Amino acid sequence: MIRWRCWGLATMLCASMAFADEKGFTLREVEVKARPFLDAATVGKVPGKAAVTVTERQGGWARIRVGATDGWVRLLTVRLGNPDPAKNDTALLATLGVGKQRSASGATATTGVRGFSEEDLTAAKPDPGQLARMDGFAVARATAAGFAAAGKLSAQSIPYVTSDGRIEKGGK
Amino acid sequence: MIRHPNRRRIVAWVLAATASIGLLAACNPKQIDAFVKSSGGVDGLTANLKGAFGSVDQPKEIEMGRGVAETLLGARPLHDDPALQRYVNEVGAWVASQSERADLPWRFGVNDSDHVNAFAAPGGIIIVTRGMLRLLENEAELAGVLGHEVGHVVRKHHLNAMKKGAWTNLLGAGASAATAGKGGGALVDALVGPTKELYSRGLDKDDEYEADRVGVVLATRAGYDPYGLAGALQTLGKIKADDPYLALLTKTHPNPGQRLDRLGEAMGENLTRFEAQPRNEARFAAAVKALRTAKPD
Numbered sequence: 001m002i003r004w005r006c007w008g009l010a011t012m013l014c015a016s017m018a019f020a021d022e023k024g025f026t027l028r029e030v031e032v033k034a035r036p037f038l039d040a041a042t043v044g045k046v047p048g049k050a051a052v053t054v055t056e057r058q059g060g061w062a063r064i065r066v067g068a069t070d071g072w073v074r075l076l077t078v079r080l081g082n083p084d085p086a087k088n089d090t091a092l093l094a095t096l097g098v099g100k101q102r103s104a105s106g107a108t109a110t111t112g113v114r115g116f117s118e119e120d121l122t123a124a125k126p127d128p129g130q131l132a133r134m135d136g137f138a139v140a141r142a143t144a145a146g147f148a149a150a151g152k153l154s155a156q157s158i159p160y161v162t163s164d165g166r167i168e169k170g171g172k
Numbered sequence: 001m002i003r004h005p006n007r008r009r010i011v012a013w014v015l016a017a018t019a020s021i022g023l024l025a026a027c028n029p030k031q032i033d034a035f036v037k038s039s040g041g042v043d044g045l046t047a048n049l050k051g052a053f054g055s056v057d058q059p060k061e062i063e064m065g066r067g068v069a070e071t072l073l074g075a076r077p078l079h080d081d082p083a084l085q086r087y088v089n090e091v092g093a094w095v096a097s098q099s100e101r102a103d104l105p106w107r108f109g110v111n112d113s114d115h116v117n118a119f120a121a122p123g124g125i126i127i128v129t130r131g132m133l134r135l136l137e138n139e140a141e142l143a144g145v146l147g148h149e150v151g152h153v154v155r156k157h158h159l160n161a162m163k164k165g166a167w168t169n170l171l172g173a174g175a176s177a178a179t180a181g182k183g184g185g186a187l188v189d190a191l192v193g194p195t196k197e198l199y200s201r202g203l204d205k206d207d208e209y210e211a212d213r214v215g216v217v218l219a220t221r222a223g224y225d226p227y228g229l230a231g232a233l234q235t236l237g238k239i240k241a242d243d244p245y246l247a248l249l250t251k252t253h254p255n256p257g258q259r260l261d262r263l264g265e266a267m268g269e270n271l272t273r274f275e276a277q278p279r280n281e282a283r284f285a286a287a288v289k290a291l292r293t294a295k296p297d
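From first to last, the protein sequence lines are chains A and B.
Just so you know, the first sequence maps onto residues 1 to 172 in our numbering.
Just so you know, the second sequence maps onto residues 1 to 297 in our numbering.
Careful: at least some of the hints might be erroneous.
To be verified - Not the full set, but computed from the structure, chain A residues with beta-carbon under 7 Å of chain B:
| id | residue |
| --- | --- |
| 1 | Val-43 |
| 2 | Gly-44 |
| 3 | Leu-80 |
| 4 | Leu-92 |
| 5 | Leu-121 |
| 6 | Lys-125 |
| 7 | Pro-126 |
| 8 | Pro-128 |
| 9 | Ala-132 |
| 10 | Phe-147 |
| 11 | Ala-149 |
| 12 | Leu-153 |
| 13 | Tyr-160 |
| 14 | Ser-163 |
Stated by the list, open to error - Here are a few chain A residues that sit away from chain B, every Cβ distance over 12 Å (derived from the structure):
| id | residue |
| --- | --- |
| 15 | Ala-68 |
| 16 | Thr-69 |
| 17 | Asp-127 |
| 18 | Ala-144 |
Honestly, the hints are just simulated from the structure, not real lab data.
It should be emphasised that the depicted structure is a prediction, and the values quoted were computed from it without experimental measurement.
For each residue, glycine too, the CB sits at the ideal point set by N, CA and C.
Required output: the full structure, derived from the provided sequences and hints.
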């Protein structure tokens, strides 16, 4: 089937797109750092609501380029996309590499998309068999702890935070 | 006409409830009597009311959650990749173990939907779509997304929403089946309607913001980079607002920009010192490799 042959190409496109430059904008005036650390040297300033290109993301930091300035800003001081979300033009199909693909012959084929739309939910009938299957994949706490250790994850004691950034009472 | 010592109180309850959902005009004493009768008489209705408004203990919450999950899994079955199911359970169980409800029988599943979404059912059942997994970039993002869903369970958002909506259920088609202690089948049947209604409508926005805050803290407690959820929301924020793959997520959640604004205020610099914690990109990439390279079916 043509649509399956296109899938390999779509997958390659998807892989190469993962690190592609992304359109973004600043929320406020930001200091641009040479490296993704608070105490790194400041290499420039960018005003708020400026269109930028986000070239890389690393945890709490985003690398931006605007004019001659190239450096790191806190992730939450920039947004990907357009200041008006209604004007975003990135389709998820393109991001995920699924959906309509043009085949070598030029014909457009639509891959089989399985949804979870409101209609799918409305039409649903309870499926105890699937729940039993899910039970079979359950992981015990001790197993999860071993998985965490293998991934160099160390548990931390951190309280919950309130909407205005304070420590939540009764937190751990 | 049924006469019962509690009748006046029951009538008051029903009137209050119907007023709140705009059905007062449709309610007269005859219908109340018919409703009481269909609910197993006054004793049955009283049990119902206690079940709906009294505290739901943990075993009952788990039973309800399993009923909800059967319907969610009926909408889309599990994605057929046992290794991926196992991996998501490992990440999820570890994140959930950092919460004050670590003792729940936590279950995590990837369904075979290409749409981007994730769902939590009371009692600790979490379902994430394979479309969501395709969108995420590392294990810290997955931990953040699962942490958000664990947050809904820990704060009992869906359970409380269902309790609030219990009157609608009692007055509707589920009235006769929604009696406590009738066995699992009756409970699942009674939950089908409310499940569809709640998961189509979504929770209150404040519940979503709270789940974001709880999720971020749980993922950070679990040893991950605190910015995983923020990274996933950044990716979501660049997608077209009317993208059909996001339709249900968009309908049921504040937009990603609003969530990032709120999350930024809540996080402040509280978690900055943990930002060097792992994201485990390689382990995540290996786990979702088959998903990314497989043809859709």
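*Provide an ascending list of the numbers of those earlier hints which the structure does not satisfy.*
Hints 1, 2, 9, 11, 17 and 18 contradicted; others consistent.
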